[in-house]
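We have chain A already, so just place chain B on it with the hints.
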Amino acid sequence: MPRTTTLECPGCPPLRALTFDVLVIEARSKEGGAAKVVERWGEPDSSKCVLAASMVDRKKDPLLAVARKNGTIDFLNPLNGHLRFAISNVSDTANRPEDDPISGLHLFASKKLDSEYGCCTLLACTMKGKAIMRSYDNTLSPDLISSGSTRTWDVCSSGNILCSKVDGSENYVLFGGKGVEMNVWDLSECAKIWTAKSPPKNSLGIFTPTWFTSATFLSKDDHRKFVAGTNSHQVRLYDISAQRRPVMSFDFKETPIKAVAEDLDGHTIYVGNGSGDLSAFDMRTDLPPLHHTLLAGPSHAIGSTLKHGKLLGSFLGKCSGSIKSIARLPEHPVVASCGLDSYLRLWDVKTRQLLSAVFLKQHLVRVVFDSNFTSEDAVGSTRDPSVEEAETVNEYENGDEQDTQPVKRKKSSKEKKANKKSKKKSNSNETSADDEGTKKIKKFKSKKRLKREIPDDSS
Amino acid sequence: MAGKRKKSDGEEGGGGEDEPVIKKEKTKKEILPSMIKNKDKRSEIHAKLQHQKKLDKRKRAKARDAAIKRALELGEEPPAPKIPRTIENTREFDETVCMPDDEELFAGNDADEFSSIMNRERTPKILITTCRFNSTRGPAFISELLSVIPNAHYYKRGTYDLKKIVEYANNKEFTSIIVVHTNRREPDALLVMTLPNGPTAHFKLSNLVLRKDIKNHGNPTSHEPELILHGFTTRLGHRVGRLFQSLFPQDPDFHGRRVVTFHNQRDFIFFRHHRYVFETKETKQTDSKGTKTKDAKDKVSQEKIKARLQECGPKFTLKLISLQNGTFDTKGGEYEWVHKPEMDTSRRRFFL
Chain A
1 MPRTTTLECP
11 GCPPLRALTF
21 DVLVIEARSK
31 EGGAAKVVER
41 WGEPDSSKCV
51 LAASMVDRKK
61 DPLLAVARKN
71 GTIDFLNPLN
81 GHLRFAISNV
91 SDTANRPEDD
101 PISGLHLFAS
111 KKLDSEYGCC
121 TLLACTMKGK
131 AIMRSYDNTL
141 SPDLISSGST
151 RTWDVCSSGN
161 ILCSKVDGSE
171 NYVLFGGKGV
181 EMNVWDLSEC
191 AKIWTAKSPP
201 KNSLGIFTPT
211 WFTSATFLSK
221 DDHRKFVAGT
231 NSHQVRLYDI
241 SAQRRPVMSF
251 DFKETPIKAV
261 AEDLDGHTIY
271 VGNGSGDLSA
281 FDMRTDLPPL
291 HHTLLAGPSH
301 AIGSTLKHGK
311 LLGSFLGKCS
321 GSIKSIARLP
331 EHPVVASCGL
341 DSYLRLWDVK
351 TRQLLSAVFL
361 KQHLVRVVFD
371 SNFTSEDAVG
381 STRDPSVEEA
391 ETVNEYENGD
401 EQDTQPVKRK
411 KSSKEKKANK
421 KSKKKSNSNE
431 TSADDEGTKK
441 IKKFKSKKRL
451 KREIPDDSS
Chain B
1 MAGKRKKSDG
11 EEGGGGEDEP
21 VIKKEKTKKE
31 ILPSMIKNKD
41 KRSEIHAKLQ
51 HQKKLDKRKR
61 AKARDAAIKR
71 ALELGEEPPA
81 PKIPRTIENT
91 REFDETVCMP
101 DDEELFAGND
111 ADEFSSIMNR
121 ERTPKILITT
131 CRFNSTRGPA
141 FISELLSVIP
151 NAHYYKRGTY
161 DLKKIVEYAN
171 NKEFTSIIVV
181 HTNRREPDAL
191 LVMTLPNGPT
201 AHFKLSNLVL
211 RKDIKNHGNP
221 TSHEPELILH
231 GFTTRLGHRV
241 GRLFQSLFPQ
251 DPDFHGRRVV
261 TFHNQRDFIF
271 FRHHRYVFET
281 KETKQTDSKG
291 TKTKDAKDKV
301 SQEKIKARLQ
311 ECGPKFTLKL
321 ISLQNGTFDT
331 KGGEYEWVHK
341 PEMDTSRRRF
351 FL
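Residue numbers (my numbering), protein chains in the order written: chain A, 1 to 459; chain B, 1 to 352.
None of these hints come from the bench; they were simulated from the model.
You can trust all of the hints, since none of them are fake.
For lysine-lysine, the following DSS-like pairs were computed, each having C-alpha atoms within a straight-line distance of at most 27 Å:
1. A:Lys253 with B:Lys204
2. A:Lys197 with B:Lys331
3. B:Lys331 with A:Lys310
4. A:Lys253 with B:Lys163
5. A:Lys350 with A:Lys310
6. A:Lys310 with B:Lys340
7. A:Lys253 with A:Lys201
8. B:Lys331 with B:Lys156
9. B:Lys125 with B:Lys319
10. B:Lys69 with B:Lys82
11. B:Lys62 with B:Lys48
12. A:Lys253 with B:Lys340
13. A:Lys318 with B:Lys331
14. A:Lys318 with A:Lys350
15. A:Lys220 with A:Lys178
16. B:Lys331 with A:Lys253
17. A:Lys201 with B:Lys163
18. A:Lys201 with B:Lys331
19. B:Lys319 with A:Lys253
20. A:Lys192 with A:Lys178
21. B:Lys204 with B:Lys156
22. B:Lys69 with B:Lys54
23. A:Lys310 with A:Lys253
24. B:Lys212 with B:Lys156
25. B:Lys125 with B:Lys172
26. A:Lys318 with B:Lys319
27. B:Lys163 with A:Lys69
28. A:Lys178 with B:Lys163
29. B:Lys163 with B:Lys319
30. A:Lys318 with B:Lys340
31. B:Lys204 with B:Lys125
32. B:Lys331 with A:Lys178
33. B:Lys204 with A:Lys318
34. B:Lys156 with B:Lys315
35. B:Lys82 with B:Lys54
36. B:Lys172 with B:Lys331
37. A:Lys178 with B:Lys164
38. B:Lys125 with B:Lys315
39. B:Lys340 with A:Lys350
40. A:Lys69 with B:Lys331
Next comes chain A alone, as it looks inside the complex:
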């Protein structure tokens, strides 16, 4: 849209995002006004297509886990893309990984399963409902991976698990999918503590089949409230402490909800769907009633107790492909979305303007922010903090590439910037000289140039 293209990006904060790709090539993109790919890891290979990814985002020793189509889970260093170690066939079952692909992956930040020495704990969930929690240790040597205690349980007997999410305290996990109602599990006991109840038939007596496609907890501290998106383009808010049916339910556009992400404030969510629409909703149920009805109109269908979320606004850009993943940057008001149109887009939360879009050539699956990026980088190499950085990881295979490369590229981009500045300066100098000297001959030309200069200066 012309509005978004002419709008200047108001000082993007420095950030780094990792995106994961259907054709797995890992890449970083760096941003100074326009985002740029900084690095890509791995060779394209369709059998090593990334299905899920999770990152532990800590200052010291960050770790990135990537689940691939051929059943392996790779552990990477998210800073340089080095493969730490890989595990093949996590589910330990006879059937091939292609038949039962991993649909959810979570890497625990805090240590679990009594593993004092364990370097990481992992929760993986396959499509057919097998959940595995396992800790791995590779502190001794990178080749020798000793797996610590393992816990395996079946989430569901039938249906496909499509979404899973671990809450902020990492004690609870929720699952949902095609033919599987949302259910919440206590991780410390591996027991199901809550199951949702499907909404009743509508006024025509038609029952919409259960098909959850995405879910997220509403806030980090509270495991009781979560939001789920369904294939029949419904967004539902569940409250474990209140009831088994959704507290709030409303329709969003006409294609299935494919991604839901929460904001930090604990009541705003971002919803993305199969045809590339991205919107922000306020999920508070206790809004003043008058205010609420004015904004949302009369509540419809399902039940009189259900309310609408308040549509805060849509993120408009020429986004035409299904949104697969949304991520919120904790420090800055920035939201990233990526999907089948192979763009990574960064949006401003408040103004809902497109900050930048990076074309990454492949269908993207996941986007993850590296929130500690700036501080680490500032320590490592003295960099211009105004340079925004987004790291995009499109994955196929991890034949690691040189880690010196990003440093080089950073420098070159800086130089370019400097060049541009100097060019500008010299340009203005020239024009002034022209004005003073050969007035009559170059009058028209210098005029034109001046005209061009003026908007440059003002911008």
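Only chain B this time, still in chain A's reference frame:
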């Protein structure tokens, strides 16, 4: 709009030569014919202006011709003809345009859904069906499609769901499904689906001319046709191009001298079907040997070879409405690309 812009350009050009102060006054004084309220006066002045423009144009053409003539007489290089400005060559910058040196593109191609057909591991086998109600031009169009696409099979739609048909076709090892949708006895949409797992492209079909309505049409042979894909530049275009490519066998029979063209221009895809022949004037015999490239080489060596075309039909125009990831699924499908009204804010923006 265009007229206005030209005028303003002219003003700038004219004003540049004079003192800038005078130029300002001029612009103030100038009255456009559209600003005159009296209709008689307005049309009179407008006619005058138009006439003046015509004269100017003629003058310029004359001057240009004279310059070319003079250059030829002097044995110099004639001035290069100006390239007209079109909305294609002033197209909005698109970063998704494929570059020939893009390794990631080729890597992506190797891994996509069409690669097994492109690598000749599977031979294309097409199932053609229709929408539920089908009459007149629909069956005629399908019978012509059957003659264009080798190894295509028509199945009656009956009352089956499309998802059931997809299942059936998967079991029978078809590689693609084409659904011709008719509305008011006129084919108006085409659904092209690659099996077993997508993508699905939905096209609007227009300007359909069947074989019998084409003057001097030829009748195609049963040879496997050559394929020309032209103008698919962006990633999306590339993908759509590959989708069409996967409908045809990858080893054309050059003896047949049949060629099928998908020509993309301004996001409209033009389908044409021709027979060609190379004729040499000297020997006066039809030249039917060798591949096209070979013939092109011959062309360079002896200039008398001429190519002639005969249209075989059908001809039609396609416009992409959506490209869906996976097979046909309107409710739960994910789109790789959908046309949205907010994309139509510029005439110079093209997606294919």
